[in-house]
Structure formats: structure tokens, C-alpha cells
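Asks: Okay, here's what each chain looks like letter by letter:
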Amino acid sequence: GAGVSQTPSNKVTEKGKYVELRCDPISGHTALYWYRQSLGQGPEFLIYFQGTGAADDSGLPNDRFFAVRPEGSVSTLKIQRTERGDSAVYLCASSSGLAGGQETQYFGPGTRLLVL
Amino acid sequence: QKEVEQNSGPLSVPEGAIASLNCTYSDRVSQSFFWYRQYSGKSPELIMSIYSNGDKEDGRFTAQLNKASQYVSLLIRDSQPSDSATYLCASATGSARQLTFGSGTQLTVLP
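Heads up: the protein sequence lines correspond to chains U and H, in order.
As numbered in this note's numbering, residues 1 to 116 make up the first sequence, in order.
As numbered in this note's numbering, residues 1001 to 1111 make up the second sequence, in order.
Okay, chain U solo, but in the shape it has when bound:
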């Protein structure tokens, strides 16, 4: 079946603008995660959804970042007043939601965000 998909694959924006990044998880997966990966670093956790609710948003760096998953499937990561330091690859992952910390997380191809 289809894997995790993310759109757009690349996004170039200007400092101060608003951006939305979309993630479509594997069908049937109730858990969805957002990570951010800077060059030469491992992915850094941002937020985790179980169903429609944000179960853990402790990784969001500040209140410019917000994410929603209104119907428990597709999720949108929203970044207000973008800054050059927000430039990174934003990765979405999903898992079955059934096995806690032992679940395999499947990653999407990522959205490469560049803030000029």
C-alpha cells in the first residue's frame, strides 16, 4: 500500500511569511509524528498525534509552530512569521498506534523548507 506522503516536497518562502506543510499518513495508522531535521543532524521531535488530539507537543520550539489533525488522518504543520532558522527538512512519520514505544515509525519523504 501507499506510504506516508508529504506535500509540498520543497517550499521556498520569505522571512515573516506563513507556511503550511501537509502529511498524509499510512492508511489505518492512528499515530502521527512531526520531526524536523537540520543538515548533518538527526531528526528532532516536534509533536505527536494519537487520533485527532495532540498527545505530546513538547517538541514545538515556540508558539509560531502549530499542528492540527482534525479528522484523525491528514495533518498540517503550520508555521507563522517564518524565520531563517526554520529552514530544515520537516519529516512526518506514522505508526499503527497499537504497540506504544515499540512501534515502527514509517517516515515520509519530507518537505524541504527554505526561508530566505
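Simulated from the structure, these hints should not be mistaken for lab results.
Be aware that one or more of the hints could be misleading.
Derived BS3-like pairs (lysine-lysine); straight-line CA-CA distance at most 30 angstroms [said to hold, decoys possible]: (1) Lys-78/U with Lys-1042/H; (2) Lys-15/U with Lys-78/U; (3) Lys-17/U with Lys-1042/H; (4) Lys-1056/H with Lys-1042/H.
Reference excerpt, derived from the structure (chain U facing chain H, CB under 7 angstroms, subset only) [claimed, not checked]: (5) Gly-42; (6) Ala-99; (7) Gln-102.
Note that beta-carbon positions come from the ideal geometry of N, C-alpha and C, so glycine has one too.
Since the structure of chain U is already known, use the hints to place chain H on it.
Replies: Relative to the frame of chain U, chain H by itself:
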């Protein structure tokens, strides 16, 4: 302070050799450990997961976990040029689902 530490490399091995990748973690409540492979410009792909002390083998890959030493390793036997990638070590604690990643080790297998 980074909770998962990896030698960033780069690590180079000749084709057919054993590649050894190491990882240490600081959070004693970490219970689950994962090795992901990431090709340049691509997303991470799970190679191995390990939850109990000891060794776990899957084809050419062996993961080793020592919770007392807070140490995880990945051995790749009969290394192939197609194994050249960055290998990311990650941990998860109990029911918490978020993964904490190391910075990755870049592996190059020379033909």
C-alpha cells in the same frame, strides 16, 4: 545535552568487511532502540529494532544492546557499496512514542 550520542564518522570500510556502528544513550528509562538508514536526500528507513539485552540478527545486520552500559551497536557483515548511507540510532522510553535520534554516523563502503 544530547541524549543519544553517535560517532559522526565518516566511517569507511572496504567491501566485504564488517562495519561497526556505535551509540550510547543517557536516559536510563529508554527501553526501545532503533537503527535507521538514511540515504542522502532521502527519509530515514528502519533497519533494526531491539528491546532486550543481547543480540538480534536479521540477515547481514546484527543489533546489540547492553542496558547496563547504556550502549547500542549495529554490525553490518559483508558490507556492500549500497550500504553507504548515514545510520541513525534512536531511542524511545516506555509508552512515550517520540523517538530521540543521534546525529548519525556516515558510512562509506569502498568497492
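Asks: Between the alpha carbons of Lys-15/U and Lys-78/U, is the straight-line distance 30 angstroms or under?
Replies: OK: Lys-15/U and Lys-78/U at ~14 angstroms, within 30 angstroms.
Asks: Measure nothing beyond the straight line between the CA atoms of Lys-17/U and Lys-1042/H; if it is 30 angstroms or shorter, mark the hint as holding.
Replies: holds (27 angstroms)
Asks: Does Gln-102/U pass the interface hint, meaning its C-beta sits closer than 7 angstroms to a C-beta of chain H?
Replies: holds (5 angstroms)
Asks: Mind checking the alpha carbons of Lys-1056/H and Lys-1042/H for me, to see if they're no more than 30 angstroms apart?
Replies: holds (26 angstroms)
Asks: Quickly compare the C-alpha distance for Lys-78/U and Lys-1042/H to 30 angstroms and report which way the hint goes.
Replies: Holds, at roughly 23 angstroms.
Asks: Hint validation: Ala-99/U versus chain H, beta carbon distance must be below 7 angstroms. Holds or violated?
Replies: violated (10 angstroms)
Asks: Holds or violated: the hint that Gly-42/U contacts chain H, with Cβ atoms closer than 7 angstroms.
Replies: With Cβ-Cβ at 3 angstroms, under 7 angstroms, it holds.
Of the numbered hints listed earlier, the single one contradicted by the structure is hint 6.
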